[in-house]
Amino acid sequence: MTYPARLARGQRITVAQQLMGLRRACPDGHGSIIHVGELQWDYETQPTPISRIYKIRIRYRLEKSPKIFVISPNLRDLADERKIPHLYDQALQRLCLYLPRTGEWSTTKWLADTVIPWVNLWLYYFEDWLQTNEWRGGGEHPPEDQKTKKRKRTECRKSVRSS
Amino acid sequence: MTTNPPSFAQQRYLSGMLELLCQSMELTATQYQEAQAKYEAVSNWLADSDDPRLASGLIFPQGSMRLGTTVKPLGRDEFDIDLVSQLGYAQTDSPNEVYGAIGSRLSANGTYKALLERKNRCWRLNYAESSGLHMDITPAIRNVICTNDGLLVPDRELSDWSPSNPAGYADWFEERAKLRPTMLFVEGVTLRADIAPLPEQIQLKGPLKRIVQLCKRHRDLMFVDDNTGAAPISIVLTTLAAHAYERLARTARFNNEYELVAAVIRAMPDFIKIDESSGQPIYVIDNPTTDGENFAERWNDHPERAQAFYRWYGRMLTDLDKLMEVHGRDNVVRYLGEHIAGTRDAGKVANLVTDRVTAAREKGLLKSATVGLGLTTGQAVQGNTFFGK
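Those protein sequences? They're chains R and L, same order as listed. No gaps in the numbering here: position 22 of the first sequence is 22 in our numbering, and each next residue is one more. Just so we're on the same page, our numbering is the position in the second sequence counted from 1, plus 1000.
Everything labelled a hint here was simulated from the structure, so no lab data went into it. Incorrect hints may appear among the rest.
What the hints assert, rightly or not - Computed cross-link-like contacts, DSBU-like style, restricted to lysine-lysine with a CA-CA straight-line distance of at most 30 Å:
no.: 1; chain 1: R; residue 1: K67; chain 2: L; residue 2: K1363
no.: 2; chain 1: R; residue 1: K55; chain 2: L; residue 2: K1322
no.: 3; chain 1: L; residue 1: K1367; chain 2: R; residue 2: K83
no.: 4; chain 1: R; residue 1: K55; chain 2: L; residue 2: K1178
no.: 5; chain 1: R; residue 1: K109; chain 2: L; residue 2: K1363
no.: 6; chain 1: R; residue 1: K55; chain 2: R; residue 2: K67
no.: 7; chain 1: L; residue 1: K1367; chain 2: R; residue 2: K64
no.: 8; chain 1: R; residue 1: K67; chain 2: L; residue 2: K1367
no.: 9; chain 1: L; residue 1: K1367; chain 2: R; residue 2: K109
no.: 10; chain 1: L; residue 1: K1363; chain 2: R; residue 2: K55
no.: 11; chain 1: L; residue 1: K1348; chain 2: R; residue 2: K83
Required output: the full structure, derived from the provided sequences and hints.
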């Protein structure tokens, strides 16, 4: 799905267009272009109807990776001293949603079609992890040693690609 | 912390979870078939007897297996089947003689002899531990004065006969179970053959039977440490739920099945007759299919049993109400385990749902909306790999 239609395939999507897409995907959210070429979008979501309501913030600067934060609740309180999997930053509660440089995300993709559903998926497996202590959403961990050239793939690797 | 009002989507999701819990706590198809085969074998053995009372008799299941309301005991892979062995030509025999006739026939078979245990009102066959099966065989004779083809079964002390009507009761229950209450919002849920449904798409398979199972499991959980025998007996829960369900199915309308479950349970005590004319309450829950069987009989010489019923009733309603106030799937699963269904089945169902979400994701069939992941509405979830430490 493309939000403003008639966008050529493979064409880079502008920040203003992304904002329009987000407004259609989550009309209850709100956001704006905060700097030239950078948007911020806040919205609320639930991974299931029995879940908590999570407040999410997306910061996206063109040509950079979109940054996704959980504003509330405090995930560390929920995790009760356990280290939360698949976070770039435990304190900032920044979610790791996709594998960089693999095309899962690119500037030709819509945030509303990729990141927004992935946030729900992350939150689903997070609540599942809270209950079972097991991350069942698969994924990869970055290399522990930054000097290692080859990317180490941990045992839990499970890349899910749908067509 | 953010709280949200009980929502329609939440209730629908929860009733889907309750259905999965009931599926998890009942006999599996394999266990059911195994029980069936064993029951037929016993049945044949009794019928092949030289004793004309047995040879002309009938053996048939009664209780939860016949009603479709089985619930496995908490935390154990065991189950009971209740059979009635109705003897012919035995109208003048005492309960003791009838009981003895069944016992001696069973003892004449080496296999059964080794499994046989004498119980208060019935014979019990304890099958190999691996199967976890107990079969209780209650003797019975035809009740010639009952107009509903009722039976007589030994009373508690085997000294006399009491009226009962297991087959008639099963028909009565089944008639009520067939009723379908009016739902205000019926959503066309199309299930795909290639993907297992998620809770918001799952409807209660036979709401009355599911309600009875939930009541029984909640009772088991609440009285797990109580060995005084005060816990409300299954036939009381089943009968009251069937009456309440019938009335509501004929008169009320519901937004969703969760509302229905709570409303049926709320109405259950309306069908207990209480006679206070003697100063002390006399409780009556009539067997609707035969005269003279009061399912609440024991409440009248053990008032604490009546109290236990009302305590259970209050707790069940509160637990269902509070479930709506629990947020966070992890908290809901924990709550279902501790208060409604037992931790084992709650954990099993939670895992099952996650497996289904993962399977849908892998097939590219998962969708996402701000009210949650699902299979029917929202944006398709594209492939991704969670990254990061």
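Taking the hints in turn, this is what the structure says about them:
Proximity of K67 (chain R) to K1363 (chain L) is assessed by CA-CA distance (about 27 Å); at most 30 Å being required, the pair is judged to hold. Of the pairs offered as hints, the one joining K55 (chain R) and K1322 (chain L) holds, with about 24 Å between alpha carbons and a cut-off of 30 Å not exceeded. The hinted pair formed by K1367 (chain L) and K83 (chain R) meets the criterion: a straight-line CA distance of about 28 Å does not exceed 30 Å. A distance of roughly 45 Å separates the Cα atoms of K55 (chain R) and K1178 (chain L); the hinted pair therefore is violated under the 30 Å criterion.
Annotation: proposed proximity of K109 (chain R) to K1363 (chain L) holds, straight-line Cα distance about 21 Å (limit 30 Å). The suggested pairing of K55 (chain R) with K67 (chain R) holds, with an alpha-carbon distance near 14 Å, which does not exceed 30 Å. Taking the CA atoms of K1367 (chain L) and K64 (chain R), the gap is about 26 Å. The hint holds against a cut of 30 Å. With a C-alpha separation of about 22 Å, the suggested pairing of K67 (chain R) with K1367 (chain L) holds against the 30 Å cut-off.
About 17 Å separates the Cα atoms of K1367 (chain L) and K109 (chain R), which keeps this hinted pair within 30 Å; it holds. The suggested pairing of K1363 (chain L) with K55 (chain R) holds, with an alpha-carbon distance near 29 Å, which does not exceed 30 Å. With a C-alpha separation of about 25 Å, the suggested pairing of K1348 (chain L) with K83 (chain R) holds against the 30 Å cut-off.
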